[in-house]
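Q: Chains P and Y, in that order, give the protein sequences. Residues in the first sequence are numbered from 1 upward in steps of one, following the numbering used here. Residues in the second sequence are numbered from 562 upward in steps of one, following the numbering used here.
The hints are simulated quantities; they were obtained by calculation from the structure and are not laboratory data. Note that beta-carbon positions come from the ideal geometry of N, C-alpha and C, so glycine has one too. Treat the hints with caution; some may be incorrect.
[Claimed, not checked] So, partial list: chain P residues that the calculated Cβ filter (under 7 Å) puts toward chain Y: (1) ALA49; (2) ALA63; (3) ALA64; (4) ALA112; (5) LEU115; (6) ASP402; (7) ASP406; (8) GLY407.
[Said to hold, decoys possible] If you want the footprint, here are the derived chain Y segments under chain P, 3+ residues with CB under 8 Å: (9) 709-716; (10) 738-746.
Read off the chains here:
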Amino acid sequence: MNRRPFDPRLLRRVPAARRDLALLAMLGVVAAALVVAQATTLAALLATAFDARLDRPALAGFAATVAARAFVVWAQGTVAARVAATVKAALRADLLGAVGRHGPGWVAGQRAGQLATLAGRGLDALDAYFTGYLPQLVLSVTVPLAVLARIGLADWSSAVIIALTLPLIPVFGALLGWQAQAATERQWRRLSMLGGHFLDMVAGLPTLRAFGRARAQVDVVRRMADGHRVATMRTLRIAFLSALVLELVATLSVALVAVPVGIRLLGGGIALQTALLVLLLTPEAYLPLRAAGSRFHASMEGLTALNDAFEVEAGAPAPARDGERGARPVPDGRGEIRFESVTVAYERTTALRDVTLTVRPGERIAVIGPSGAGKSTLLGLLLGFVTPTGGRVTVDGVDLADADLDGWRRQLAWVPQRAHLFAASLADNIRLGAPDTPADALATAVRDAALDEVVAGLPDGLDTVLGERGHGLSSGQRQRVALARAFLRDAPVVLLDEPTARLDSASEAVVLDATRRLVAGRTALLVAHRPALLADVDRILRVEDGRVMELTPAPTGGAAR
Amino acid sequence: MSAARDPVPDPTGRAGAHPGGPAGPDPTLAGVAEPADFDVAGPATVDPPVRTTDVNGPAGAGPAGAAERVVLRLARPYLGRLVGAGLLAAATEFAGLALMATATWLLMSAAGRPPLDRLTVAIVAVRALAISRGVFRYTERLAGHDAVLRIITDVRARVFAALAARRSAPARSGDALSRLVSDVETVQDLLLRVLVPAAGAVLVSVVAVGGAALISPPAAGVLAVGLLVAGVALPVLATRLTRRSAAELAPLRGALAADAIDLTHGAADLAAFGATATALRAATDRTRRLARLERRLAAAGFAVDAIGTLLAGLTAGAVVLVALASGVPGVLVGVLAVGTLTAVEVALALVGAARQRTQLRTGLTRVAALLGDTRARVPGAGPAPREEPTPGAEPMAGAELTPGVASEGGTHDVRLDDVTVRYRAGAAPALDRMSLDLPAGRRVAVVGPSGAGKSTLAAVLTGAVQPGSGRVTVGGRDLSTYAEDELPRVVGGLLAEAYVFHATVRENLLLGGPGAGEEELAAAAAAAGLLDWVREQPAGWDTVVGEEGSQLSGGQRQRLALARALLAAPPVLVLDEPTEGLDPAAADAVLASTLAATPAGHSVLLISHRLTGLAGLDEIVVLDAGRVVQRGRHGDLVATPGWYRDQWLLQEAAERGYLALAP
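Next comes chain Y alone, as it looks inside the complex (with noise of 0.2 Å):
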C-alpha cells in the first residue's frame, strides 16, 4: 500500500522533515533570538548585539515568499536541471503509483484466467516499473543534488561577495559564522525537500486524477478531492501548526539557553554565593514546563498526519464504493482502490513539505536580506567554472595582484584631527576628540589602560571603523577617499584578533606578500621567531595549519600573524599588541627583532599593554578614555608621575621581582 512512499537514505545526514517537526523547530529558530538582518553593517561593536525576546523573525508568509523569490532567481541558471529533476521525481512517484495499479490489475485479470500472451504486456510492464522506479530515483536524487549544489556554490560566492563588499566589518562571533553557514545551507534544504517534491508529488496528483477519470469520472472526482485536502488543506494546516509551536516554543527555549549559560559560565560565581540550588530550581521548572508545552504541542501537530492516513484509507474506501456504484468493471475497481491509497500518499509528501518550509522561513530570510541588499554592487556571478581544485591548492588568493609595498613615493604622514568614534549612540566615546601626528618614518608607542582606545586608533586608521567625527588623513589625503584595495597597502599590519587560516604556513604569510619568495618568507618569519619553528617541521612552510589555527600554539600563531604583516611591509605599519601571548623574555626578543626588520623610513605604530622595549621608540603616546593624557619618550615618562610611571613600576616589579613604591 505504501510501495511509493519508499525510504530515502540521506547521506548528508541532515534531518529530514520528520512529523516530530512540530515539537523541534530548526534550532536556528529557537533560543537564539537576533534580529533579521546579519548585523554586518555597523562599525564594530563591542557587545553582541541585543538579544532581544522577539522570537517570531519576521511574522507572516510574506517576506518569507519574498525570501524564496530571492533564492528562486539565483536559481534560474539552472532552472533546467532543477526541472529536470522535478520532472524525474515525478516520474519516480509515477512509477510507483503505475506499478501497484498495474500489478493489481494483473494479478485480478488473471483470477478470470484469460490466456497467458492477454497478460503478457502487463507482466513486461510491472517489471518495467518495478526496475525503473529505482532507476529513476537514484537519477532523480542525483541531478536533484548536482543543481542544487551548483546554485549553493553560487550562492555561496555570492554572500562571500556581498559581505566582501563591505568596508567594514565585526569580528563575529562563533555561533554567528556557523548561523551563516547553516543559513546557506537552507537554499539547498528549501530546493530539495520542498520544491523538487512538491513538484513531484502535484504533477502525479494531476496524472492520477486524469487517469482514473479514463476509467470513471465520478471515482475521478472523489479522488480529486481527497488529493485536494491532502495536498492543499493539510499542509496549510501544518503550516499553522508548526509556526505556532515554533512561536509559543522559542521564548521558553531562548529562557531556557539563557539558564544553561548562567548555570555554566557562572559557575563559579553560584557557587560562591551559595546560590547554585537557587538557580538550579529556577532552571529545572523551566525544563519542566518546556517538556509540559512540547508535549501538548506534539498532541496537535501529530493529529495531522493521522488525518493523512485516514484519509488515504477513506478515499479509497470511498472511490470503491463510487466505482462500484457506477459499474465500473471488478478489474479496474480494484487498479481504482490500490492506485487511490498510493496517490493520496504521495500527495502526503506536501505536508513534510510544507513543515519543512516553515522551518527553513528565518534562515531563507537572512540570506536573502543579505544578498539582496547588496545584489546591485555585486559583480554578475555566472555558473561556476569547470576545473576542480586540488584540496588545499590555491585556498589564498593567486599572486595576481601588485605585490608587496606599493611606496608610490610622496610623504606618509598620518594625521589625527578631533577625532571622535562611539559604537553605540550614547556610549562613552571610544576615541573622544582625538587629534595625533604620526610624521612619516617614525616609530610611536600606543599605550595606556584596557579600553582607552588603542585598538580602535589602529581600527580608524585601517579604515575599518570609520570615524563619527573629525578627519584622518593619510599623506594628506582623507582616508575615505582611498580605495579600498589601496588603503591596506599603505596603511596596515597586525590587527586584533588576526585570523590564520586553515592553509599552509605559505600560504598564510603570502596573504601579507603575494609576490614574495622563499628569502622573503624566512626574513619575516626570522623576525617574527617563526623561522626554528618551520624548519623543525617535516613539511617546512607547507606545514598546514589547523582549522583557525588551532594547530599552533598561541604563541606560534601569534608569530605567524606578525610575520604576514611584517612581510606585507606597509609604509605605515599598525602592530596591535604584536608580542600578545608570548613569555616575557620571548616577547622582548620578538618585539626588538620586529622593529629592526622595519624598512628605515616606514612609520610603525606600536600597540601595546607590555611597557618592556620601549625605551627606543621615538615617542609614547598614553590614552585613557579616548584621549592623549601623556606623550613623550620612555626616559620622560618614567620620570613624571602618571600612568606610565605606575605601570612601568608594578610591571618591573612583576617580572623582576623587586619593588620600588613610589612615596
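Looking at chain P on its own, in the form it has when it is part of the complex (with noise of 0.2 Å):
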C-alpha cells in the first residue's frame, strides 16, 4: 500500500486543487510565524509585568498576532475543507466517468458495488486526511524551521540543542513504529479473527435460529467478545508506551534546554525576555511532529480510498475525442449479423469457443441452454459490452470493434434479464436515452408493454418517482418497464435475456404476450427460459460449454442433430 503521506498524483489529477493547495502551504507557514509572534510579545509582556509594570505595546501586540492566528486557523481550515470538496468533486465525476468509459462488461457484479461505495462514502474520507492531517503536515514542517530561527536569533545555545534532539522525534517515531507495527501484526489473526466473530454470528443469526442454536451463542458471543477486549489491550500496551517514550524524549529534549537556560538566568547570563521566549517556544518544536504522526493512522483511509479511486481512472480508457467518433462508421441494423470465429475467454474461463453464426435480417431466434453457458455473452457481444478475445463480430459488414457503439446501439433494444430501474420517476425509467420523447408515444409503449394497468394503480401515474433501483415494483412490473422501454425504442433489432425469468405463471403471460409484439417484424435474439418463447422463432440455437448447436424443432417432438 501507498504509504506516502502525500499522493503526487493529486496534483495532476486534480489541478484544480494546485492553488488551494499552495494557499494551504502558505498559511502553514504564517502560521508558524505567528507562533513566533505570539510567543515573542508575550514573553516580553511577561517580562515588563515582572517589574510590576504593563507594557501596552506587546500587549496589543499579544492581542493583533492572537487574532491573526485565529483568522489562520479559520482559513487553514476552510481552505482545506475546500481542498476536499475540490478534490472530491473532482474524482467523483472521474470514477463514475471511468466507469462509462470502462463499460458495462467491466463494471459488472461486486466491482458496482465497490465502485458506487467507493464514489460514494469512499470518497467522505478524504475530509478527515484534508483537514486533520494535511495542514498538520505542512505546520511539522514550517513551526519547528520557524522556531528554530527565532531561537537562534535570540539564544543560539539553545537552537542548537534543539536542532540536535528534534530528529530524535522522527527518529525514535520510525523506530517505535516498527516496532508497535510488528507487535500489531503478529496480533492481527488473532485481533481480525475475534473481531469478525460478532459480525459472523449476527450474520448467521438466521442459520443458528434455524438448528435451535441463537440462545446458546450468546455466552460464546461474550466469550469471543471478552477475548477480544483482552488482545486488543495488548496491542494497545504496546501503542500507547510507544506513544509515551515520544512525549518523554520531547519533554526531556525541552528539559535539556531550560536547564541552562535556568541556570544561565541565576548567573544573570540571559534576559528574562530571552529566557521566557525560549521556555514558551520550545515545546512548539516538537509538538506539530509528533500531532502530524498521530493523525496520520486516521488519515490512512482516506488515503486508501484516493489511491482506489485513482487506480480505477487509471485503467480506464481514456475519452474519446467528438473528431475520431464521427469517423467511425455505423453499421445498419437491418443488415446481416455475422459471428466469425468468436471466442471470448475471461481471466478464469472461456464463455465462447470459436462461434461462427450468421443472423439474417428480420430472422427470430431462440438460444437456450443451461446456465453459465454463454449465452448473456452472446448478447453482450452484440451489445458491444464484451469484446472477442478472438475472432470478429460483424454487422452489414462493417467490424462492431471498429464501429461508432453509440451509433449501433441505437438500433437496439434490450431487454435484460433484471433491468436496472432508477431512481427517477416512471416516465423518465422508460424514457432512457430519450427523454423527449412525446407523451403519445410514451403512452403507446406503456400500452405495448402492457404496463398501463401497472400505471394506472401507481398513486401519481406515470409521474410516479420510483425508490432506489427501482424499489416499489414488482419482478412482473419491472420487466414491463423494460419491454416498454424497448417498445420506445422502436429499433430494428431487438436482444432479450430470458425476459420471463423470475416471474410468475400470470405475469409470464403477460410479458410473454407483449415479447411477441416486440419482437414481431424485427430481427430478434432471444435467450429463451420457457417453452413458450420458443414457439413463434425461426431457429433455435443450443449454447453449452461455449459452443453453440443449432436445433431444429420438431413439432411432435425427436432428437435434433
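Make one complex out of these two single chains by using the hints.
A: See below:
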C-alpha cells in the first residue's frame, strides 16, 4: 500500500486543487510565523510584568497576533475543506466517468457495489485527511523551522540543542512505529478473527436460529468479545507505550534546553525576556511532529480511498474525442449479423469458443442452454459490452470493434434479465436515452408493454418517482418497464435475455404476449427460458460449454442433431 | 503554550473529532437513510426497507439523551473503572497545566536571582510533573480503553441476545450488518472520546479557577468567564453547526449515493440506451452542488475553532491586565498568563467532544432502541468471565445441548390449513390460502416458477415466518406452541441463504449435530459429496473456511450446508434447493445420495427448480402464485399438460440437447 503522506498524483489529476494546496502551504508558513510572534510578544509582556509594569505595545501586539492566529486557523480549515470538496467532486466525476468508459462488461457484479461505495461514502474519508492531517503535515515542517530560526536569533546555544534533539522524534517514532507494527501484525490474525466473530454470528443468526442454537451462542459471543478485549489491550499497551516514549523524549529535550537557560538566568547570563521566549517556544517545536504522526492513522482511510480512485481511473481508456468518433462507421441494423470464429475468454473461464453464426435480417432466433453456458455473452457481444478475444462480430459488413457503438446501439432494443430501474419517475425510466419523447409515443409504448394497468395502479401514474433501484415495483412490473423501453426504442434489432425469468405464471403470460408483439417484424435474438417463447421463432440455438449448436424444432418431439 | 494539548496517537485507527467534523459527519449519518429501528421485528421482507428521504434521523436532543442514558446504564458495573479513567484524564491535563505554570514561576523567580535552594522544590516539581504527565496519560488511556472494551463486550453480548431473542428476523443486507457493528462501536466513541475527556476538562477547569482565585480573585473571575465560553458556549455552537450541516448535507449525499448506484449497477442499461452521458452529467452537477455546500458549511464550522484560539489569547491578555491592576506580583502574573492559555485550551477539548457526540447520535439511538426494546427479556448479563479463549477454539456453542434427533415418538404429520402469508400489506400474497398435507415419512418435492411461494412455504414450516391467517400443525400441535429451541429439532434442514461460519469445517457441521462423532460427520459429508474435498485438505475436518465461507467454492459451500442439515436429521427435513450451484451431473448424484441418507420414516420436503431426479419421490406439488396448482407423481405430471410438463421438456432440451416441443 502507498504509505506516503501525500500522493503526488493528486496535483496531476485534480489541477483545480493546486492553487488551494499552495495557499494551504503558505498559510502554514504564516501560522508558524504567528506562533513565533505570539511567543515573542507574550515573553515581552511577561518580562515587563515581572517589574509590575504593563507593556502596552506588547499587549497590543499579543492581542493582534492572537487575532491573526485565529484568522489563520479559520483560513486553514476553510481552505483545507475547500480542497477536500474540490478533490472529492473532481474524483467523483472522474470515477463515474471512468465507469462509463470502462463499459458495463467491466463494472458488472461485485465491482459495481464497491465502486458505488467508493464514489459515495468512500471518498468522504478524504475530509479527515485534508482537514485533519494535511495542514498538520505542513505545520510539522514550518513550525519547527520557524521556532529554530527565532530561538537561534535570541539564544543560539538553545537552538543548537533543539536542532540536535528534534530529529529524535521522527527517528524514535519510526523505530517505535516499526516495533508496534510488528507487534500488531503478530496479533492481527487473532484480532481480526475475534473482531469479526460478532459480525459473523449476527450475519449467521438466521442459520443459528434454524438449528435452535441462537440463544446458546450468547455466551460464546460474550467469551469471544472478551477475548477480543484482552487481545486488543495487549496491542494497545505497546502502542500507548510508544506514544509515552515519544512524549518523554520531547519532555526531556525541553528540559535539556530549559535547565541551562535557568542556570544562566540565575547567573545573570541571559535576559528574562529571552529565557521566557525559549521556554514558551521550545515545546512548540516538538509538538507538530508528534501531532502529524498521530493523525496519520486516521488519515489512512482517506489515502486508501484516493489510491483506489486513481487506480480505477488509470485503467480506463481515455475518453474518445469528438472528431475520432465521427469517423467511425455506423452499421445498419437492417443488415446481416455475423459472428466469425468468435472466442471470448475471461480470466478464468472461456465463455464462448470459436462461434460462427449468421443472423439474417428479420430472423427470430431463440438461444437455450444451461445457465452459465455463454448465452448472455452472445448478447453482450452484440451490445458491445463484451469484446471478442478472438474472431470478430460484423453487422452489415462493419466490424463492431471499429464501429461507432453509440450509433449502433441506437438500433438495438435490449430487454435484460433484470433491468436496472433508476431512482427517477416511471416516465423517465421508460424514456431512458430519449428524454424528449412526446407523451403519445410514451403512452403507446406503455400500452404495448402491458404496463398501462400497472401505471393505473400507481399514485401519480407515470410521474410516480421510483425508489432506489426501482424499489416499489414487482419483478413482473419491472420487466414490463424494460419492455416499454424496448418498444419506445422501435429498433430494427431486438435482444431479449430471458425476459420471463423470475416471473410467476400470470405475469409471464402478460410479458410473453408483449414480447411477441415486440419481436414481430424485427431481427430478434432471445435467450429463452420457457418453452412458450420458442413457439414463434425461426431457429433455435443451443449453447453449452461455450459452443453453439443449431437445433431443428420438431413439431411432435424427437431428437435433433 | 499548547503543551497541554498533546497529540494522541490513535492506534485503533478510528478517526477522531477533527474540526472537519462539520464538513464530514459520520458516514452512518449521511446517505444511508434508514428508519431508526433495526427492522428486525417484522417477517422477512423480500425487498430492503424503503429508503426514506428524511435523513435527519430522530430530531432533537431528546432521543439522543435517552440513548446515552441506556448506554450509561450498561456502563454501571464498570463505573469505578470509568471514574478512574476520568480522574486520570483530569490528572493528565492538570499535570500539563501545572507543568507550564511551575516552569514559568521557576524561570521568572530565577530572574530575581534568589539562592538556588529556594528553587529546589520547584525544580523537582517540574521534573516530576513532566514525567508524571506522560505516565498519567499512558495509564489513563489504558484504563479508559480497558473499561470501555469491557462495556463493549457487554453491549455485544446484549445486542446479540436481543437479536437472538426475536423469533424471526430477515437476513440482513451486508450494509445493515456492518452498520450494526459500527453502531455498537459508537458506544466506545461516546465513552472514550466524549465522556472521559469532557470529565477531565471540566475537572481541570474547576481546579484552575480555584488555583487562580488563591492568587487573585478578579483574575480568577476573568478566567472563569473564558472557560465558560470555551467549555459551554462554544460546544453548544459547535453542536448546532454540526447538526445543521448534517441535515443539509444528508439529502445531497443520499442523492449522490443513488446516482453512484445507478451509474454502476445500471451501467449496462445506460450504455445500451445511450443515456450514460446524460446520467453522468446529472451526477457531476450534483457533486458540484455538494462541493459548494461543503465549502460553505466548512467556513462556518471552522469559525468555532478560530473563536477558540482567539478566546484563549484574549482571556490570557485580560488576565494579565486584571492581575497587574490588582497588584499581583510580577512572577505570579506570568504564572497566571501561561496557566490561562493552557487551561482554556484544555476546556476547548469540550468543543471536539460536542462534535463527536453529535455525530454519534444516530448510531447510539439505534443501539439504545435495540437494547431498550428487549431489555426486559434478556437475561441479566454481568461482567464478562475472565478466561480467555484461543481463537477459533469455540466459535460455535459447545455440545451441551441434547444431541441430534429428538424423535420423541409420536408422528410428525405436517398440515397446512388455509395458510396465507403477505410480506407487505397490499402486496400479492406469497402463500394464498394454501392447504397441504405431509404425512410422516413421506417424501415430497415442491416445484414451481420463481416467486410461487416455495421458499415461503419452507419459512412457514420452520417458524421463520408466521402466517397471517390459517393454521400450521406438526404432529397435531399448532406450530406456534413449539418452543423456540424445540421446533428446530422437529422441523429443519437446509434453508435458503444457509450461512457458513468463519470456523472449521467440523464446527460448522457440529452446529447441525453437536454430539456427532467422526463417523457421523463422514457419513453426512459423504452424502453431500463433501467428504473427498475434506480428505484432500491438509487440515481435514479442522480446515478453517474463510469469512462467510469465502474460501469455499459456491458448490462446496452448498455441500457443507447440506451435510450440516443431514447431520441435524430432524424428523421433518426441509431442503430448499439443496443442489443449487452444482453442475447437473453433480446435482443428480448429490440429490440421490441425500435422499438415500435420510433415515426411513423421516419426512422430506424438497424444494427444487430442477425437475431431474424427482421420479423416486412420493409426490410432487406444483405451486404457482402461492397456490397448489398440480400434484402427483413425476410420471403423471409429465403426461399432463401444464407447467411441470413444459418445464420438464425444456430442461431436458437444455441439458440433453434435444428438443421435444409440444404441438
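Q: Now, for every hint given, state plainly whether the structure supports it.
A: Cross-check of the supplied hints:
no.	hint	verdict
1	ALA49	holds, 4 Å
2	ALA63	holds, 5 Å
3	ALA64	violated, 10 Å
4	ALA112	holds, 4 Å
5	LEU115	holds, 5 Å
6	ASP402	violated, 18 Å
7	ASP406	holds, 5 Å
8	GLY407	violated, 9 Å
9	709-716	holds (count 5)
10	738-746	holds (count 5)
The structure shown violates the earlier hints numbered 3, 6 and 8.
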